[in-house]
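Participant: Starting from the given sequences, assemble the full structure and let the hints guide the process.
As they're listed, the protein sequences go chains A and B. The first sequence stops at residue 412 when you use the numbering used here, and every number in between is there. The second sequence stops at residue 182 when you use the numbering used here, and every number in between is there.
There may be inaccurate statements among the hints.
Said to hold, decoys possible - Derived lysine-lysine pairs resembling DSBU-like cross-links, with alpha carbons at most 35 Å apart:
#: 1; chain 1: A; residue 1: Lys246; chain 2: A; residue 2: Lys31
#: 2; chain 1: B; residue 1: Lys164; chain 2: A; residue 2: Lys360
#: 3; chain 1: A; residue 1: Lys360; chain 2: B; residue 2: Lys136
#: 4; chain 1: A; residue 1: Lys396; chain 2: A; residue 2: Lys246
#: 5; chain 1: A; residue 1: Lys231; chain 2: A; residue 2: Lys246
#: 6; chain 1: A; residue 1: Lys360; chain 2: B; residue 2: Lys159
By construction, these hints were calculated from the structure, which means they are not laboratory data.
Spelled out, the chains give:
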Amino acid sequence: MNDSSEKSAPKKSGGIIKWIDERLPIFTFMKHQGEFRAPRNLSYMWSLGSIAGIALVIQIVTGIFLAMHYTPHASMAFDSVERIMRDVPYGWLLRYTHAVGASMFFAAIYIHILRGLYYGSYKSPREILWFIGVIIFLTMMATAFMGYVLPWGQMSFWGATVITNLFSAIPVWGENIVQWLWGGFSVENPTLNRFFSLHYLLPFIICGLVFLHLWALHTHGSNNPTGIEPKTKKDTIPLHPYYTIKDFVGFGFFFILMFYFVFFNPNYLGHPDNYIPANPMLTPEHIVPEWYFLPFYAMLRAIPSKLGGVLVMFSSIFVLFVLPWLDTHRTKSGSYRPIFKWFFWLFVANGLLLGWLGGKPAEGAFVIMARFATAYYFLYFIAVLPWLSRKEVATKTPKSISDSLEKVKIDG
Amino acid sequence: MAKKKISSNKNHENQGETRRDFIVLAASATAAIGGVSAMWPFVDSLNPAADVLALSSTEVNISSIESGQSITVMWRGKPVFVRRRTKKEIEEARSVPLIELPDPQADAERIKPGHDEWLVLVGVCTHLGCVPIGYKGDYDGWFCPCHGSHYDTSGRIRKGPAPKNLAIPGYEFIGKDVIKIG
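Facilitator: Dropping the structure here:
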């Protein structure tokens, strides 16, 4: 191994690094990633992607170790989870981190999605980037749902029963499809086995989707708070060290929040009924999903028809796939759209309201409110955005990213 | 078609369709059909297995159930309600005009002839599969706590999101006091 000739890409390459890089240009690849230029004005709202990434890594690592102690059998699953909590060294830490981590992953993803909605990150040329994001979100929901079933507590069992029964709303084949999902005539051991298998598989599917998400991202680069594409090199800075450092700060805040829950309030986001072993003969008085599914649960219950409720719930996600053709306003960023802003924040408030309603019993005024909130959720996409696209006059946008920053300086 | 193949037999450098095109197409189609067919065993493996299907029937002794009482037994992993109805409950179930029901069915169709007192139901809400609670709700039958469906004293849906009446399992009286479910 000699280091005399210095032709290839990495600068500080020693003998071994150079030897490897000539055969597999992995260091060159990493260098290109670091040199990748991103808009210079990215706010902390752009840290949520990497935060979601680290959350995925934490879920996979804790999950792999939990699986070494967990028994996927209807008669042993609950006890094996209790054993993890009581007997396995640091088992409690692994499990609480995994459970709280799922919540934090969703929190990061929701802010990430809202960031995209506000700054028009789904608009041309980033539609496919957006689609892959929606598919990741759907896959995450499936993974989280199946993971929640594994401890085989009351909420696990009845959550699985209610969610799989959604498919019985399908005309004609509904009943057969549900039995196919269960591998039996109710949620039972075969159901638990397959959910465990898929819960282990899907995170790696998500990793593959994340790769495609990043590929699409790097094809046109990040959107930014102005929504104006970078025009000159002055508008961008290298990813490393500027945004790697910024992302680490984001990680710090994320970990503080996450480990507050893990160490001081680990069951706050869960439901006490899941510490009761599954009982197929007795439904708990009040079934609620985890907080991150509550808005969708509220929509399901708002519709007084089984098939209708199921269709509305699934449509609430699928409408995101047509979003690039619903919002065709030429100004990308919400910052320059005075009327859009109002409807956007109303949409956020409406989402929180739906979440609150999803945790309430489905009766009386709660149902009426949930119907109005569901109506606004859909009207925002299929009426408000198309209407604004035609009518709204945007404020004057800066000429370039650098230009927008100059103005800030003068104002300040 | 055949003529074309023969004519293009010798000239594989020709621009038009060649025999190779045909072979590529036929082979790809065969591989595609084979690939799709190979998925079936995987899909079918998720269906209820033979041991699950073979789950036997359940025999229930009903002699100890008093009028106005109900018991719950397990059959195929699901609860089954066996309820001995009072005269008033039977009357309630029979006095309703069928037009008012979301899933119209006469009470007589939901019991065994000559056993008017006895109502045997699969205790699974037809909405999303929760277990309804007996002697609750607006119609003295069952009430599902999950999403608020009300069933009457014949187990028929009266109010709420559930689309259908509670299902009746296959069952028969095999003695004065014993029923066989399944």
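Participant: Next step is simple, just say for each hint if it's right about the structure.
Facilitator: Right, here's what the structure says about each hint:
no.: 1; hint: A:Lys246 x A:Lys31; in the structure: holds (18 Å)
no.: 2; hint: B:Lys164 x A:Lys360; in the structure: holds (25 Å)
no.: 3; hint: A:Lys360 x B:Lys136; in the structure: holds (20 Å)
no.: 4; hint: A:Lys396 x A:Lys246; in the structure: holds (29 Å)
no.: 5; hint: A:Lys231 x A:Lys246; in the structure: holds (23 Å)
no.: 6; hint: A:Lys360 x B:Lys159; in the structure: holds (19 Å)
The structure agrees with every numbered hint stated previously.
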